[in-house]
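Chemist: Each chain, letter by letter, is given below.
2 protein chains.
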Amino acid sequence: MEPEQLVSCIDFRYISDVLTKEEAIEMLKKNAATKKEREDYLVKNGYPAYTTSTAWLGYSDDQLRQRCKTALKEGWTRFKMKVGSDLKDDIRRAALLREEIGYDNILMMDANQKWDVQETIDWMKQLAKFKPLWIEEPTSPDDVLGHATISKAMQPLGIGVATGEQCQNRVMFKQFLQAGALQYCQIDSCRVGSVNENVAILLMANKFGVPVCPHAGGVLLCELVHHMSMFDYIAVSATTENRVIEYVEHLREHFKCPVKMQNCHYLPPQYPGYSTQLTEESLRDYEYPKGKVWQDLIQQGKFKPV
Amino acid sequence: MEPEQLVSCIDFRYISDVLTKEEAIEMLKKNAATKKEREDYLVKNGYPAYTTSTAWLGYSDDQLRQRCKTALKEGWTRFKMKVGSDLKDDIRRAALLREEIGYDNILMMDANQKWDVQETIDWMKQLAKFKPLWIEEPTSPDDVLGHATISKAMQPLGIGVATGEQCQNRVMFKQFLQAGALQYCQIDSCRVGSVNENVAILLMANKFGVPVCPHAGGVLLCELVHHMSMFDYIAVSATTENRVIEYVEHLREHFKCPVKMQNCHYLPPQYPGYSTQLTEESLRDYEYPKGKVWQDLIQQGKFKPV
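Sequence order for the protein chains is A and B. Its first residue numbered 15, the first sequence is counted upward by one per residue in the working numbering. Its first residue numbered 15, the second sequence is counted upward by one per residue in the working numbering.
Next up, chain A with everything else stripped away, as it sits in the complex (with noise of 0.2 angstroms):
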């Protein structure tokens, strides 16, 4: 699409006072003339990734130093961790997982909304030690303010703050960014009114120079998010600074057209869409009551059809 024909797929109301349809032209025009470049570049080289799979809260320790091995056999450089259930425990995880991958690796952390705001700051100075990139979701994702106290506190630390899975719309994207709420903007693909919404969000933190950082934890996300990604290397920011996509494999059999990853990076999709039909096995053996995985269940005694 040409810029103009673009920018009429978004609404501006109740954004206009920090993004205008003038300025959304002129920021895709500016890198209009090297889309091809990129392009190519994405063809080649694919969109850089992190994994999530290495270190949920339910691995035993061993468990977690095996899958950062294999993880790290497979290419993978940049990992996040889950945290804030206990906090000791997470010093130990922490201390393991940099054991395994060092300090040249990434490491994130994620605390899905577990803490308030002077707890958060609390307990991130503790782990700071271990050099987070980022801490994920601290607390209430309604809360703007909240996490621009956090923003400010983290700062010395070098940690910054990633959010946005939870966030509903362009009008909380807006203050996340006015508020210097978030370092790492994390749209999702199925949270917000569809695409055209999110790309509002993209072109609002490309004004803000905040890196858009998807949040995509399998069941399809990471196929759907990675457009969007990629559109923004493409069109909208020009770079992949500091720019990543989460990749977790979760479900992806039942995909008809799931990602294709080359050295832990998401290639760009070769066929048209938005990459969200499932297989017709799948469809059909899932299809509720009569489909093959409900007739195992209920054969086995394990489901009661209501």
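These are computed hints drawn from the structure, not numbers from a lab. Note that the structure is a prediction, hence the values are computed from the model and not measured. Keep in mind that the hints are not guaranteed to be accurate.
All copies of an identical chain are treated as equivalent in the list; a pair is satisfied when it fits inside any one copy or across any two copies.
Claimed, not checked - Derived lysine to aspartate or glutamate pairs resembling EDC-like cross-links, with alpha carbons at most 16 angstroms apart: (1) Lys-35 - Asp-130; (2) Lys-139 - Asp-100; (3) Lys-306 - Asp-54; (4) Lys-128 - Asp-31; (5) Lys-306 - Glu-295; (6) Lys-128 - Asp-25; (7) Lys-44 - Asp-202; (8) Lys-304 - Asp-100.
Using the hints provided, position chain B relative to the given structure of chain A.
Modeler: Same frame as chain A, now just chain B:
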């Protein structure tokens, strides 16, 4: 309930940076000794109210005048008008209203989320000469920082910002209060998670010295919310200064315990509970599809059951 009991109903998660359990108990204890005085005052005088029924957008100028005259005769001293569709029209209607009610009575304006931030400021500068007490819901109800910008611009004009009827939880209200983004806090009895969440909001508003003026556009909202304002007066703020409950008669004929008004003031309820019940007749007549109302519509060919 004793302060400790009452406070145990509040979820302090995500608001502890603004209000702690201890502060809340302290706040409730402060006015506990004089509760009976205020209860007696309410039984005698009621709680102040304003009317929204005089100036909806659809009314002709004649209707506006007629409704003002009637309301004045009934003793109303506070009037709300809808604005935001057409500036010239708003100016004409505001002039007309002030002609009818004079400048000793109070006028509020309600834009129902019509504008962007700068648009609000520009528009309200044109309406400031009609001395509205507040501008309600000028822009997106999610836009805390936008409301803060508007509040700052309205201050020299003597106009407050009112919002809250679409505010989803205590975390959002917390931020509106922290940012100085509202001067009148419009809790709603049905929007947030029940009575408990509203108690948290009342206490935070009291801490910031912001008056609570509930949203109550008929349809049982008046009934539910008058409990809240009376609790605020008796147990929390201990004042009705700058405080007022919206009043609209809409659908009150269906309620088992409709609010009782006296000289345009809400009288306290004289029965236990939260005033939520509908009358047996209404439940019977409106039951779909067998109730009398539906059957009449069907027989008259005005409705076709699916």
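Chemist: If a hint holds in the structure, say so; if it doesn't, say that too.
Modeler: Tested hints:
With identical chains, the CA atoms of Lys-35 and Asp-130 are at most 16 angstroms apart between copies only, with a shortest distance of 14 angstroms across copies and 37 angstroms within one. In this homomeric assembly, Lys-139 and Asp-100 come within 16 angstroms of each other (Cα to Cα) only inside a single copy, at 14 angstroms, whereas the closest approach across copies is 53 angstroms. In this assembly of identical chains, the alpha carbons of Lys-306 and Asp-54 never lie at most 16 angstroms apart, being 43 angstroms within a copy and 69 angstroms across copies at closest. In the homo-oligomer, the alpha carbons of Lys-128 and Asp-31 lie at most 16 angstroms apart only across protomers (15 angstroms), although the nearest pairing inside one protomer, at 32 angstroms, exceeds that limit.
Taking the closest pair of Cα atoms, Lys-306 and Glu-295 come within 16 angstroms of each other only inside a single copy of the chain (10 angstroms); across copies the shortest separation is 51 angstroms, beyond that limit. Proximity of Lys-128 and Asp-25 under a CA criterion of 16 angstroms is satisfied inter-copy only: 14 angstroms between copies versus 33 angstroms inside one chain copy. With identical chains, the CA atoms of Lys-44 and Asp-202 are never at most 16 angstroms apart, being 26 angstroms at best within one copy and 46 angstroms at best between copies. Taking the shortest alpha-carbon separations for Lys-304 and Asp-100, neither the intra-copy value of 44 angstroms nor the inter-copy value of 57 angstroms comes in at or below 16 angstroms.
Of the numbered hints listed earlier, those contradicted by the structure are 3, 7, 8.
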